[in-house]
Amino acid sequence: MAVREAEPVGSLQEVKEAGLDREDLLGIYRSMLITRGIEERGHILYKQGKIPGSFYTGRGNEAAAVGVGTAMGPNDVGTPLHRDMGVHVTRGVEPWRVFAQYMGREGGPTRGRDGNVHMAVAELGLHTMVSHLPAMLPVASGMALAFKIRGDRRVAVGWFGEGAAARGDAHEAMNFAGVRQLPMVFVCDNNQWAYSTPTYLSYPVEHIADRAAAYGFEGVVVDGTDVLAVYREAKRAIEKAREGGGPTLVECLTLRMEGHAVHDDAFYVPKEMFEQWAAYDPIERYRTWLQNHAELSDDEENEITATVKRLLNDALDRADASPLPDPATLEGGVFASQEDLDTPHHK
Amino acid sequence: MAVREAEPVGSLQEVKEAGLDREDLLGIYRSMLITRGIEERGHILYKQGKIPGSFYTGRGNEAAAVGVGTAMGPNDVGTPLHRDMGVHVTRGVEPWRVFAQYMGREGGPTRGRDGNVHMAVAELGLHTMVSHLPAMLPVASGMALAFKIRGDRRVAVGWFGEGAAARGDAHEAMNFAGVRQLPMVFVCDNNQWAYSTPTYLSYPVEHIADRAAAYGFEGVVVDGTDVLAVYREAKRAIEKAREGGGPTLVECLTLRMEGHAVHDDAFYVPKEMFEQWAAYDPIERYRTWLQNHAELSDDEENEITATVKRLLNDALDRADASPLPDPATLEGGVFASQEDLDTPHHK
Amino acid sequence: MAEMTYIQAISDALRLEMRRDQRVFILGEDVGVYGGAFKVSLGFQEEFGPWRVIDTPLSETAIVGGATGAALMGLRPVAEMQFADFISCAWDHLVTVAAKQFFRTRTPIPIVVRLPSGGGFSGGPFHSQNPESSFAHIPGLKVVCPATPQDAKGLLASAIEDPNPVLYFEHKHLYRRIKGEVPEERYTVPFGSANVHREGDDATVVTWGAMVHTATEAAEELAKEGVEVEVLDMRTLVPWDKARVLEGVRRCSKVLVLHEDTRTGGFGAEIAATIAEEAFEDLDAPVMRLAAPDTPVPFSPPLEKAYIPQVEDVVTALRELAAY
Amino acid sequence: MAEMTYIQAISDALRLEMRRDQRVFILGEDVGVYGGAFKVSLGFQEEFGPWRVIDTPLSETAIVGGATGAALMGLRPVAEMQFADFISCAWDHLVTVAAKQFFRTRTPIPIVVRLPSGGGFSGGPFHSQNPESSFAHIPGLKVVCPATPQDAKGLLASAIEDPNPVLYFEHKHLYRRIKGEVPEERYTVPFGSANVHREGDDATVVTWGAMVHTATEAAEELAKEGVEVEVLDMRTLVPWDKARVLEGVRRCSKVLVLHEDTRTGGFGAEIAATIAEEAFEDLDAPVMRLAAPDTPVPFSPPLEKAYIPQVEDVVTALRELAAY
Ligand SMILES: Cc1ncc(C[n+]2csc(CCOP(=O)(O)OP(=O)(O)O)c2C)c(N)n1
Ligand SMILES: Cc1ncc(C[n+]2csc(CCOP(=O)(O)OP(=O)(O)O)c2C)c(N)n1
Ligand SMILES: [Mg+2]
Ligand SMILES: [Mg+2]
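Protein sequence lines correspond, in order, to chains A, B, C and D. With the numbering used here as the guide, the letters of the first sequence map in order to residues 24 to 370. With the numbering used here as the guide, the letters of the second sequence map in order to residues 24 to 370. With the numbering used here as the guide, the letters of the third sequence map in order to residues 11 to 334. With the numbering used here as the guide, the letters of the fourth sequence map in order to residues 11 to 334.
Hints listed in this document are in silico derivations from the structure and should not be mistaken for laboratory results. Cβ coordinates follow ideal geometry from the N, Cα and C atoms, glycine included. Any given hint could turn out to be false.
Facing chain D, a subset of chain B residues (Cβ under 7 angstroms, in silico) [what the hints assert, rightly or not]: (1) Asp-137; (2) Thr-151; (3) Ile-172; (4) Asn-198; (5) Tyr-223.
Please put together the full structure from these sequences, using the hints given.
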């Protein structure tokens, strides 16, 4: 089974067929702006000393994240990673909670227990990553297993980087999902670097998607800066999984447009590489598409931009008003009690 | 890169080209007989209550093990498993030490510290397996890495079962070996069962060798009951690795002709499967080949059989004379001291 | 009541839980047609179908990680390790994901991992280990070590009901050796409550798992000499019944902490250290520990016998303690 | 002598070992061009070439398992974990293969795994852990926890020379904070020999890693009150210097065992239990333990401060002990 390389999305017609109306298209644009806005402001907060620890962004990956997030159904679940802020945003996490998370406040999804993008809101179908990559892939396959056991028409999406694809967890999850034909989609954020490690030192084949054949399912490589192409491929894979067609590996090719984290100037990335990929900024690319194909007017755009700006300003204020956690609460929360199980997402 | 399915070996000429003379051919026969003899006698010892713990054999896998063992060069190394007694035998382990190992005696390679086929003689280039499968694959890749670093013209052979192929260790080792083009051969003993688990519940593709493509190297499936075909394919892979051609995955297809271990009657294996594969007994098959192509006479055969019998009888006696370990020595041997490093195999 | 072996009690508990709660399912290597390496789930696949008794590939990470994911989706997975030793292959998923998830994000992970553990039959270094101490050190994991058929059944029900990751260590050497009267209906045994396996006032032995029986045999020996030893079966290590242990110390003033796992850094150290810290004034003798020496579990019978604490070893230790 | 930070001392030791012994090589994630996440091997690839400073894929199992194999072939691998936390992904290879191989088959596994560990800078649950206790419980592994630049250098040389698997825990919070005079030439610091970091007779604090400095600051506080506290830096946990600890107990009669890892089942329990067992008569007060509470390492500064033992916490504990 050869890897399929997905075509870019050309026309409005195509997207309509894939199930998106104009409102959706603008929603996608808004999500991408919010995603980048959160991370840009986070960067400033970090420089201001308001964010403890380290700080990671997904610059360059906004389209890949928002595209997949948009393709997920309301009851689908997933385990997004540190480049996937767009997934959280698309699924509806309130930006103030992200800032509160960054700043270690009570209002963040982990209430200051964990930091940076180690967070998710289970009610929105997202489950919190751990640092250890890609440990959430076996977990996501277990979610898909639960759906299969119960006969739910739900799909689990598991993310991993092209670097973390080298770890055994990726293999065990894919093999298990393949054997049991689980309703699952594996999304590889291939941003061409794993910290300072280039792809040829991470894997010896052309595409990570080449691996899918080793697990008996389909692999597809998509341009991760083309939000609509990502959406289309993710949608296809998700609906295939929902219909009992088993897993798909969707590889989104991008470039990590910043260092690994805020402390890293990425000196090891060739300058030309950055220059080349700067021409494919996912947001600019999509804005142009909207202008050309969906009649995005300047007024409309300005309004969206302004709304996003207001949203983020308010979010920052609200996050800053959220208290730091009380040290007296530190020891209480290691073990769950029965009541903690009776939550809607735990179904 | 598609998997190659290896042809059976037909003629004496072919084997000569692959580097075996008649003496070698008879040596292979002898090794196969010793291998089966050790395990058959082990079985009896077990039933007599002389072997503590459990007992495993590689019945049906003699050709695969002896074939690969024969293809290895004198300075090559490997990490054979519980179906690979033939590798130890071919590399020259003295049978009495195997019996001593089975019986937990001082004379066994692990001196009673470990049991059954958890043993190897490092001086012969073999390194002891652990139970945890396939943990020795990353270890074998590290051996190959050492050769690459030093520029040694040596090759490391790592074995794994088709069941254990599901574990992350297999993936990490193959990916690393692929990225670094290590001088290594991965040998899959595919005996179609992992304990009671059939292949379709272990992996979702036709051949384990299909996986090689995911790591950028060649995969080949060979009939594991055809000792000469196994030899030829292993030799090709080993010499390729030696010449800098990187890893190969050689999958030897057999049937595990007994239960997983002595306690298991293999009720879950369809009877027809056993019947079908009984026709391909590796030893009988090879004997017939020797008669047809290498003029093996009855006299010659009888002599070989008699020698093997004597060897094993003597081995049993010698093993039985080996003392049980002294409990007073239990605590001494956990940590190595400097002198323990100055051994020839540690080079 | 019915007489059951320890292993029958485990099967029984599992069957009852699966009958009463659709969310409970089993996954592991060879648990289906084969019924698991020790036949705990023999016949379960017929009764519950192939999607509640799932044969997995040989993938401990996929098993434990998969159980974690299924639990997040509301199921109650009971994962089987073929031998407790193989849990080392899923260590990361337990300590990194399952143990920390609730603290971090308040989504509980109600999973049970069944772990056939312990030595005594020449299983060698990889089929005999008692790795409970390693896990008891990790905040967020519960650790259960039943010693009797009654507790095996009741503690497994509690484990499945518990909203947290529970490591359930079932001692292989008790499987068919230990029998007892077990209620036929479902019941639970609470975590964190030690059981007085044998009464006594002269010294208390704090122990768990197979060593409960070793200690009891030793106590019977001592009784012949007029020394009455209490045997406290901890039953669970996380949580552990500190109050009851300290009470035993208060009453007996002499204590032996006994376990089958290796000595250095074993959970016995935690118990001994706690006693030394919180019952210092009650002690008439040093807190004594008896455990396996710091080596892998050896295969050969004379070595294994020297390795696992034997009745004689406990007797000797208790005599020494009594004489202090 | 040269003034070096703790992290410079580590680089220095590694560089000297690589210069004097061709068999020594480094492998790990981003150790090459990038010089490792903390820049310990910055410039090494230029000096030693790409085959002695090997960037691996993100594969902890391949790293540690691979190091094991290379060691079996006569090399001296020094593996770097990007953070100590990630060693959980190679747990199996350490405890199953490396730790047990020599006992089983007498082929030594001379590997070093470098583990940047410890908290204090909001690294959160996965970039702050101190997992040394988990490994100290496994027979066959050596565990090293330097607290000063001098020891960091000398212990790393010893670790590389040692014919066994050695876990070298380097505390990230000491990297650039702690400086000291370090001999420029190569030297070794023996394993199993505690260092008196501060002298005193009224109580002894047994500790290691970053806590040595916390304890010393606390001792300075106490000194103002006329209480002189000994600070014993264990330097290595396997082997640990029991004789020196017991001597401290004998002399001071009061002891505080302090560590940054979580309390229950931490290595402090082993030390406290040993003291309780072997120096019972020498004690004037219960053996006290101070450690992190049994939770994951929290991210947010006020929580992390409450989590990691602070100077004030040690002062309070020592006052309590002094008053007993
Ligand atoms: C098991 C594990 N080892 C090491 C790390 C440290 N680390 C964090 S991100 C990273 C690189 C990840 O690369 P990739 O998977 O490509 O994801 P990216 O960051 O590029 O999105 C590394 C090595 C980790 N998080 N997990
Ligand atoms: C990590 C691990 N999990 C479980 C086991 C228990 N076990 C021993 S052999 C075996 C089946 C192995 O199957 P395969 O790899 O096909 O090898 P075979 O025994 O068929 O040669 C299992 C599950 C093990 N040895 N290691
Ligand atoms: Mg990447
Ligand atoms: Mg098999």
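Comparing the hints with the structure gives:
At its closest, the beta carbon of Asp-137(B) sits 5 angstroms from a beta carbon of chain D; the interface hint therefore holds under the 7 angstroms criterion. Because the beta carbon of Thr-151(B) sits about 4 angstroms from the nearest beta carbon in chain D, less than 7 angstroms, this interface hint is met. At its closest, the beta carbon of Ile-172(B) sits 5 angstroms from a beta carbon of chain D; the interface hint therefore holds under the 7 angstroms criterion. Given hint, Asn-198(B) at the interface with chain D, holds; its Cβ is 6 angstroms from that chain's nearest Cβ, closer than 7 angstroms.
Among the interface hints, the one on Tyr-223(B) is violated; its C-beta lies about 26 angstroms from the nearest C-beta in chain D, farther than the 7 angstroms criterion.
Of the numbered hints listed earlier, the single one contradicted by the structure is hint 5.
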